[in-house]
Amino acid sequence: MNSRGLEKYACDTLTSAAKVNNCSIFFIMHLTKDGKMKGGTLVPHSVDCNIQLMHEPEMGDHALTVSFYKNRFGATNDYPAEMTASGIKFSGDVFVPQPKRSEKDKHKDAVLEMKQTITKTKLINTLGVSSGKAYIILKDLCDEGKLAKVGRGPSATFMKL
Amino acid sequence: MKLNITKSKGFTKVGKVKIPDSFYNRFKTGDDDIDKMFGDGILPGCAFTITAQAGTGKTTMMLQIMEALEAAGYQTGYTSGEEDVTQLAFTCKRLNIKEAGVANMTDVDEIADAMKTLDVIVIDSFQALSITSPFMVK
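Just so you know, the protein sequences line up as chains A and B, in that order.
Going by the working numbering, the first sequence runs without a break in its numbering and finishes at 161.
Going by the working numbering, the second sequence runs without a break in its numbering and finishes at 138.
For reference, chain B alone in the conformation it holds in the complex (with noise of 0.2 Å):
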């Protein structure tokens, strides 16, 4: 179920491209309310930012994102470069939230080869993140 990005040559007539099953089979968590607000679920390939204040409930509301997507049969992680696993754990033990991965990965391009078995993962922060790619260092 890949979106198979092809670049073609020139343009073809939008009503002959063919949209992938995955637009109509979206993730949903099973929580009425949490797919209600991502429109019946959360949509495949998508990518979102989310910001707040400092305390006012980014970690813990993606935490519980992760769970419910979890307990519904997806895939997911959760990739910290601000809280170590351990204090993550501890938080998770507070919200009673057993089954969302966890892990300390910072690095993009080992982010990237993560996703490839993921269906959600979410990038705590993305000013924490820390590229290592031949290409990209002196």
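For reference, chain A alone in the conformation it holds in the complex (with noise of 0.2 Å):
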């Protein structure tokens, strides 16, 4: 099954096969080592549906993605599962990738929930951040609009807006 013709020919027999005896059918694909599909972009433009199964080693060691990326007569999204030793459990909760918080997002959300007044050497004793970052935080905190300077130096004190 390497010639461009013979791949056209088993996937026009056999989708045309399901389409006239109302049979459902699903072609395994082998992949290429870059992770694409082997073979030309005929088969996965002729079926209705594209599912991929992808192993996500950050969120388990057993955590799996069914995706459908492309669907003609339904929806495109993402579905955890569990590959457990009695087979595949599936989800049919859609997945939705939570956006990655870096360090210093978490330390402006704690600097925005402090109570009392907020300093520069208190962000250093709670927090323990550096002074240098505690300086950058404060910093964008104010140029975001979250924060305003009232003094100079390293007694200023920031109020909340």
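Keep in mind that a hint or two might mislead.
[Claimed, not checked] According to the in silico footprint, chain A covers these stretches of chain B (three or more CB under 8 Å from chain A):
{"no.": "1", "stretch": "27-37"}
{"no.": "2", "stretch": "45-56"}
{"no.": "3", "stretch": "99-111"}
{"no.": "4", "stretch": "114-121"}
It should be emphasised that the hints constitute simulated quantities derived from the structure, not laboratory data.
This structure is a prediction, so every number in the text was calculated from the model and none was measured.
Backbone N, C-alpha and C fix where the C-beta goes; we use that ideal spot for every residue, glycine too.
The task is to assemble the complex, starting from two chains supplied on their own in separate frames and drawing on the hints.
Encoded structure:
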């Protein structure tokens, strides 16, 4: 099944047999080393639905994602699943990827949650950050318009807006 | 409940095209999660591709779906060009799958013939298919 003509013959024969006999057909496809589908673009374009199964090492050793990236008669969503000893455990809930938050963003949230007056020394003590980092966090928040600086130098305080 | 693809001459107003009942009678596996993924069941006559890196679980996933469909009363077939029927049976024993139909067909015309009596068929894999049709082989 290397030649383009044979690929076309097989794809045409089987998809038309599927439509005539009302029989749904699933093609399991090989992948290349780059992670792309082997062969031409003929098969993924002629079928109605493309599904990719992906291993998600970040979310756990056995975590999978069932990704529908083309679906003519349904939704294109990602669904989480889990590989267990007795097979795959599916979940019908749509997988929503969480945006990654940096350490700096977490610190900014912690600063905004502080109840008393905010000073640079307090940041260094409570968050355990260096003096330079505390300065950058406070400056960023002032630039974003979330804090206002009162006073100058080390004794300056910051007020929430 | 066949689609009846007729090649009529000229164009037809799209509003006058009769939509077959099969579009509203999807193959339901009985497993809510699988049905939800496929959009309230698998559409009859629909073609799918499944891709994944080696060892991710393509065979497992398809065998499980076949088993669920068999349990719901549909005729299913899993034809493998990669593994022998005995090897598939060994995998199925581990996954507690008993009803799914397995075969070792790889010839395209033979598979197209077998599809006349089936509701869902899985081809493992497309690259393992062979053609013996006299029209195609020189």
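The stretch 45-56 of chain B covered by chain A? Criterion: 3 or more residues, Cβ-Cβ distance below 8 Å. Held - the stretch 45-56 of chain B has 11 residues with a Cβ nearer than 8 Å to chain A, which meets the minimum of three.
For the stretch 99-111 of chain B, does the count of residues with a C-beta closer than 8 Å to a C-beta of chain A reach 3? holds (count 3)
Chain A over the stretch 27-37 of chain B, status - at least 3 residues with CB closer than 8 Å: holds (count 8)
Closer than 8 Å, Cβ to Cβ, for at least three residues: run that test on the stretch 114-121 of chain B against chain A and report holds or violated. With 6 residues close enough to chain A, the hint holds.
When each numbered hint is compared with the structure, no violation occurs for any of them.
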